[in-house]
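Asker: Each chain, written out:
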Amino acid sequence: MLNWLRRPKYSSLQRRDMPAGLWAKCPRCNNLIYRKELERNLKVCPKCGFHHRLTALERLEITLDQDSFEEIDAELTSTDPLKFEGYPQKLQEAKEKTGGAEAVITGEGTIDGYRTVIGVLDFHFMGGSMGSAVGEKVARASEQARDRQLPLVMFSASGGARMQEGALSLMQLAKTSAAVGRLHDAGFPYISVMCDPTTGGVTASFAFLGDVILAEPGALIGFAGRRVIEQTIRHKLPDDFQTAEFCLNKGLIDLVVTRSDMRSTVARLLSFFGAPRVEPVPVAAEPATPEPAQSRSGSSAADE
Amino acid sequence: MLNWLRRPKYSSLQRRDMPAGLWAKCPRCNNLIYRKELERNLKVCPKCGFHHRLTALERLEITLDQDSFEEIDAELTSTDPLKFEGYPQKLQEAKEKTGGAEAVITGEGTIDGYRTVIGVLDFHFMGGSMGSAVGEKVARASEQARDRQLPLVMFSASGGARMQEGALSLMQLAKTSAAVGRLHDAGFPYISVMCDPTTGGVTASFAFLGDVILAEPGALIGFAGRRVIEQTIRHKLPDDFQTAEFCLNKGLIDLVVTRSDMRSTVARLLSFFGAPRVEPVPVAAEPATPEPAQSRSGSSAADE
Amino acid sequence: MAATLPGPSTDLDRQLQDLEGEIERLRRLAREQAIDLGGEIATLETRAEDVRKKIYTNPSPWHIVQLARHSQRPRLVDFVASLFTDVVELHGDRLFRDDPAMLAALARFEGRPVVVVGHNKGKDTKENIARNFGMPYPEGYRKALRVMRLAEKFHYPVIAFVDTPGAFPGDEAEERGQAEAIARNIEEMSRLRTSVIVVITGEGGSGGALAIAVGDLTLMLQYAIYTVISPEGCAAILWHDATKAAEAAAALRLTAKDLQALKIVDEVLPEPFGGAHRDPEAAITSVRSALQRHLPGMGQMPVQAMLERRYAKYRSLGQIVA
Amino acid sequence: MAATLPGPSTDLDRQLQDLEGEIERLRRLAREQAIDLGGEIATLETRAEDVRKKIYTNPSPWHIVQLARHSQRPRLVDFVASLFTDVVELHGDRLFRDDPAMLAALARFEGRPVVVVGHNKGKDTKENIARNFGMPYPEGYRKALRVMRLAEKFHYPVIAFVDTPGAFPGDEAEERGQAEAIARNIEEMSRLRTSVIVVITGEGGSGGALAIAVGDLTLMLQYAIYTVISPEGCAAILWHDATKAAEAAAALRLTAKDLQALKIVDEVLPEPFGGAHRDPEAAITSVRSALQRHLPGMGQMPVQAMLERRYAKYRSLGQIVA
Ligand SMILES: [Zn+2]
Ligand SMILES: [Zn+2]
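Residue numbers (my numbering), protein chains in the order written: chain A, 2 to 305; chain B, 2 to 305; chain C, 290 to 611; chain D, 290 to 611.
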């Protein structure tokens, strides 16, 4: 499925991430879903609409035009600045599990022909946590957008700052927010998309600083964790607390967009904000509608 | 009392505004107060602290250094652009009642030696309502502050826009806010003081646009009227609704300052914001503390 | 506020009301008794239409108030659906709540990117309750400002559609600082570094309207109104008699024609005979043609010159003597 | 969050605790029995002081956490009262509420106008409850930003005092967008066109601290802490055992010395032996002398150069390999 990516070592990812069984059980509606059907449907439960989490690579694939992605800083990774017990091992495990070097993939690509810098956090890599490398890559992506006069699109999925890097991880909030601030000052668009879950330090920095903020349905979005809050306030929180829909109602995000509409919505925003468009528009970049998006996913699943 | 003002025709104001009896009844605590004592105390009830309303001239007197005031646009007044039934008569009555030409007095003066442009709305003039002339005078005051590189201090007391001038009075919100916006852009300070009552269109324009917003204790501050709100929500509002203290708690104003501390607080702010100071500092401008303020009022009351 | 309208106030109104009542009575009779009264009804219809024509030909200010408030008058969503393409609605003030009484959207007008804000009156009671009858809370004004800042960042024109009874007289709106929110919007719009076109399509109710109505060009539909206070409120305060609203409507000079004479409105956009509700698409076309005329020229001027002109415009409004 | 501290964790701590318990016991005994145990008590006091000295001479990170959280540690109001004159506290975010957990003030430092913001921990339980133990709501961050904008308008330096357990894990803080508020502050401070000095005086708790801690110069009292997560929280997440907080405190490198080595902190300000609470005025003097050294130079640099340097500073933090 991943032949359009320039890093072949990622190609083993999909199989590990999706165990081999023919059927998957939806965690929300408990229905058994034929796995191929689930993948064809962009990993959205066809029964109840539950949006299963995606890996960064899956996200890139359903978002970008085929063969359009040029990754940057592919090898960039965090070190162990604090000599934090067990951190190197965890980092190594995450690398092996995901095939990536860090919890974010960044690069340049096109969406329906519109050129953009893009970053996608990978929740499967140490919970998408932001350490020095994630902060660095997000800042560089923002700077690259500014330098090349392109938009920035960030898909977030993160548990927050990476505590194994101590205050250095906290400083990534400042680094990324400052970089995004420069992009704003320079007048280029920044679209932030929050996926399930986007919490902690990532929300308290670049994820909440988009010119436009989108979110996937049902995505958990918040700063503090539900359990900690329940301990503080000593009562149960409503079920929809910190969901994308809750945040929409509270005025914190612009739109909740289903996965099948996400690509076309982002493309429309890029177009609106004047993103340059490559000519000719890539083959795979037909006007984005649910069907093309699904068939793209479907065909790639078949490629496996 | 008003010999320091350049417009002698105002000198009859104080007596008319304060009927001749020796005793005044405090509307809050119902105590009978010896009128001279009330005036010595800046018209603050010595029993309960109730801040009685002041005329614009009284306000100028307890705020500015003696003999420092140079009024601008003294004769400027509204016409009757809509030929609104009864408006010319009301305007005439207000002029006769207050001795002023409009619901705001503007000019330049010093406060503890600090030079400032100042405007004071007069609730006794058609409820301090803002028509074309009030808007024009506030805008001119703001422009004069900008031209002369001085701060602007506005004391507001108003029922809102002057409906007899229709949409032209509504446009004064835009005119004054735009003028204040230019003062902000030019980097000069603007201190807004809300006195009882400041409501309607004046709150929805320059009064809420101060760099710092002060209010007198108990002042009514709000956009919509209490009775209209109670009709809408169909229950009684709490007693403190729309008071200065309520607004402080709601984060809408910076400080509630007693009348005896107002002059020194404004002076301190002017000093902080770098207002130029005249040398030598005027005689009456000793460091402002409650006592000097009281004695100033007391001596002027004795002058009557 | 959306007030209950008092009855009609002129002889023509009364004639029309009588005729309409009679027509209704005959219709019911014909239905219930299964008799043919078509001829009689047609005659009365013709007469009613004559009276309507007389009224519409020269509607009184109070008639115009009622046209501006007409429940069938085109709403913001009608204008947006018809005038723009590629609409992406944005939500929320990023502070407290998304206010459905205010709409904010990115869109294209004939291909050109614009930012749309506007009061979002509902089409029926259910929608109106959800949208507070088009009366924003502070968070509505703040949402509009947030999205206008986006327009500023990208140098796209703002098109603001005004249709509100006014600011909301509610306790929470006060607590969250609606005065501050309106004042802030007015100040920021007065110096927003991109062009702003204001279109008053229905009710331009006081501060709640002005909060999104400071701009470089103010257009107004023929039977829209724009006023510092509702006629009912004005009558109640001045004459302690809300039923004198018709007189107040006349006194306040709240019609498009009046406001053009006072230089508050730059251009009056014609409505179909009898009002926008009789042919919504025609009213929308009227707005479209104005946007076609004005939008290409907007933003041609250097920003500083545009801001000077905008300032001078509001600075000049009002009549004084010295 | 202000967590309940687990017991001391080293042999020296235990020795000290035992000694203090014994002294207390003897004191009570002497009082109740009216006997003179002064000699015995004095001996034990001397021994306790010896142990204290050993601890204070080389306090562990966990000791430092406890010093940073000490209930007698000087609070923001102590710093403000002692360091500044002509203080005018400003209130409110002009949006929703005045948050007493955040203080904002205009003031003078040795005659020079400055703007002060800071977390406002209380001195006792009553104050702490009123001020939410120094944990701001979103409106607290927004108040700070509003007042920092005033500093920007007038080109006055901002001095930000950091002392908070962190952001508040409460439902309303989430609903009103504390993540947005923190992110906004961080972004705006990174490009605030006036100089910003950050002084970490007590607890620098994660995002709640950073929300007012982006600046040109970061000073930190010797026994203050600055951390991405509380040691207790870290231990709970990593080892499912909050009592391992002492180990987490060491692992997180949260002391001033550590943070200076990581280049997060520019200068460590010495505290009196044993911690600021043993001589608050000495700790305040330490801050005063740092401000005296640095403040005159701040704002000498052209704004654009200052912003470049500030950007470069945060841009460089972190360790990576490629
Ligand atoms: Zn399902
Ligand atoms: Zn009293």
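Derived from the structure by calculation, the hints contain no laboratory data. Yeah, the Cβ is synthetic: ideal placement off N, Cα and C, and Gly gets one too. Heads up, a few of these hints could be off.
[As the list claims (entries may be wrong)] Simulated restraints on C-beta separations:
no.	chain 1	residue 1	chain 2	residue 2	range
1	B	Arg29	D	Ala319	52 to 60 Å
2	B	Arg228	A	Arg29	49 to 57 Å
3	D	Pro591	C	Ser371	48 to 56 Å
4	A	Val279	C	Glu338	47 to 55 Å
5	A	Asp241	C	Gln361	30 to 38 Å
6	B	Arg29	D	Lys415	56 to 64 Å
Asker: In ascending order, which of the hints set out earlier in this document are inconsistent with the structure?
Answerer: Of the numbered hints, 4, 6 do not hold.
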